[in-house]
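Colleague: In case you want the letters, here they are:
2 protein chains.
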Amino acid sequence: MGFWKTWFSSSESVATNKTTAFEDHTRGDKGNSNAVSDSIVFSTERDIDLYELEELCDAVGWSRRPLRKVKKAIEHSFLVASMWQVRGNKRRLIGFARATSDHAFNATIWDVVVHPDFQSQGLGKALMKYVLKKLRSEEISNVTLFADPHVVDFYRTMGFIPDPEGIKGMFWYPQ
Amino acid sequence: MGFWKTWFSSSESVATNKTTAFEDHTRGDKGNSNAVSDSIVFSTERDIDLYELEELCDAVGWSRRPLRKVKKAIEHSFLVASMWQVRGNKRRLIGFARATSDHAFNATIWDVVVHPDFQSQGLGKALMKYVLKKLRSEEISNVTLFADPHVVDFYRTMGFIPDPEGIKGMFWYPQ
Ligand SMILES: CC(C)(COP(=O)(O)OP(=O)(O)OC[C@H]1O[C@@H](n2cnc3c(N)ncnc32)[C@H](O)[C@@H]1OP(=O)(O)O)[C@@H](O)C(=O)NCCC(=O)NCCS
Ligand SMILES: CC(C)(COP(=O)(O)OP(=O)(O)OC[C@H]1O[C@@H](n2cnc3c(N)ncnc32)[C@H](O)[C@@H]1OP(=O)(O)O)[C@@H](O)C(=O)NCCC(=O)NCCS
Chain A
-19 MGFWKTWFSS SESVATNKTT AFEDHTRGDK GNSNAVSDSI VFSTERDIDL
31 YELEELCDAV GWSRRPLRKV KKAIEHSFLV ASMWQVRGNK RRLIGFARAT
81 SDHAFNATIW DVVVHPDFQS QGLGKALMKY VLKKLRSEEI SNVTLFADPH
131 VVDFYRTMGF IPDPEGIKGM FWYPQ
Chain B
-19 MGFWKTWFSS SESVATNKTT AFEDHTRGDK GNSNAVSDSI VFSTERDIDL
31 YELEELCDAV GWSRRPLRKV KKAIEHSFLV ASMWQVRGNK RRLIGFARAT
81 SDHAFNATIW DVVVHPDFQS QGLGKALMKY VLKKLRSEEI SNVTLFADPH
131 VVDFYRTMGF IPDPEGIKGM FWYPQ
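Sequence lines, in order, name chains A and B. Residue 33 in my numbering sits at position 53 of the first sequence, with consecutive numbering throughout. Residue -16 in my numbering sits at position 4 of the second sequence, with consecutive numbering throughout.
Please keep in mind that the hints were generated in silico from the structure rather than gathered at the bench. Treat the hints with caution; some may be incorrect.
[Stated by the list, open to error] Computed list of lysine-lysine pairs in DSBU-like fashion (alpha-carbon distance at most 35 Å, straight line): (1) LYS114(A) <-> LYS70(A); (2) LYS109(B) <-> LYS51(A); (3) LYS52(B) <-> LYS113(A); (4) LYS51(B) <-> LYS51(A); (5) LYS109(B) <-> LYS52(A); (6) LYS52(B) <-> LYS51(A); (7) LYS49(B) <-> LYS70(B); (8) LYS49(A) <-> LYS105(B); (9) LYS52(B) <-> LYS109(A); (10) LYS51(A) <-> LYS105(B); (11) LYS113(B) <-> LYS52(A); (12) LYS51(B) <-> LYS105(A); (13) LYS109(B) <-> LYS52(B); (14) LYS105(A) <-> LYS109(B); (15) LYS70(B) <-> LYS114(B); (16) LYS113(A) <-> LYS114(B); (17) LYS49(A) <-> LYS51(B); (18) LYS109(A) <-> LYS51(B); (19) LYS49(A) <-> LYS49(B); (20) LYS49(B) <-> LYS51(A); (21) LYS51(B) <-> LYS113(A); (22) LYS52(A) <-> LYS105(B); (23) LYS70(B) <-> LYS114(A); (24) LYS49(B) <-> LYS113(A); (25) LYS49(A) <-> LYS114(B); (26) LYS49(B) <-> LYS114(B); (27) LYS51(A) <-> LYS105(A).
Every value quoted in this text rests on a predicted model; they were computed, and no experiment measured them.
Extracted from the complex, chain A is given alone in its bound form:
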């Protein structure tokens, strides 16, 4: 009960008119529809079950990371955004993203993921819009990320530009 209270106080059901996915309130998972209405809810609450998050990352094939470090990373991220399917009094974690930041000029978005059951319905875009809205509301002007080759076009649809003015993303490897 306490969880739901704090959870909803920092969450929003923002997306209802943004993509078609949210308008179907009788949509069941994988076509197994029933009469319980469900909605998609976004939250910046950090109190995320690490095992549920691990399951989500497993589902897209990401390699496992020590939960101790995931916990620390969540604590020290500037923004933690999660996306939930809510049905009656049940909720399921279906999307996640986080950002590091200096709280002033720049933010860098990491770990963007949507559960395969919910991909290609506009939810990844809705999650990113939610993240960008939150970052803008904090007056962060320089929003960056590092995109795997297969998702460069996904981010491009949202206004992200690769290598603007020749600026190169670089990764350090010990020589």
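Once you have looked at the hints, place chain B with the ligands on chain A.
Modeller: For chain B with the ligands alone, kept in the frame of chain A given last:
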């Protein structure tokens, strides 16, 4: 006095045998040598005079930023590294870099700068080595940055790779 005490407690004169620049203890600025010995000192102390930092950024032609935001950014950076020329009891800020991080997996380095009077002597490399050493000591494995085109090769000499495995640095601009 208090400043110097706390400052030196978190600072290191690490670079003496790393580049030729530090070995010449009688080197004067701009060839105007004198007998006072000077050394280059690195620090992670955050208590940096914002006007002195602004002067350093002015010297390389960076556009001015509100000091209130610079202060906030320094407070919320994971690592703030500064490089000082120390002569007797005088010190001058000659280099700066900072990094944002989730304190667990990744760090992103921003605002790397060496004063023009001190460039091309290996000091930028020494400053970056200091930053990388600090990040590694915190078990950060993924060190990233966004390099302007003219400094891609500078970072390359230190082991940074542009677009590894096709990963693209991307910047968001409102559509
Ligand atoms: C990338 C990901 C978050 C996208 O989420 P999604 O919910 O499937 O994306 P959406 O349905 O909101 O798609 C939004 C737009 O991007 C496009 N798009 C989606 N995935 C794409 C992809 N992999 N490549 C190119 N375009 C893509 C869609 O066609 C859509 O375009 P439109 O608005 O013009 O119709 C999701 O596929 C995912 O979690 N993938 C695995 C994890 C991953 O690779 N994360 C990125 C790490 S850098
Ligand atoms: C970029 C900068 C920090 C380099 O500092 P520096 O003290 O001049 O660099 P160093 O003397 O340590 O040079 C280290 C190596 O990089 C090379 N290098 C230095 N500047 C370079 C440049 N602009 N382009 C390509 N290579 C460069 C040097 O030749 C040297 O190579 P070597 O080790 O093989 O001899 C400094 O020039 C600077 O502050 N520039 C203005 C601010 C800026 O552009 N910052 C980067 C923002 S992304």
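Colleague: What are the numbers of the hints the structure violates, in ascending order?
Modeller: 14 and 23
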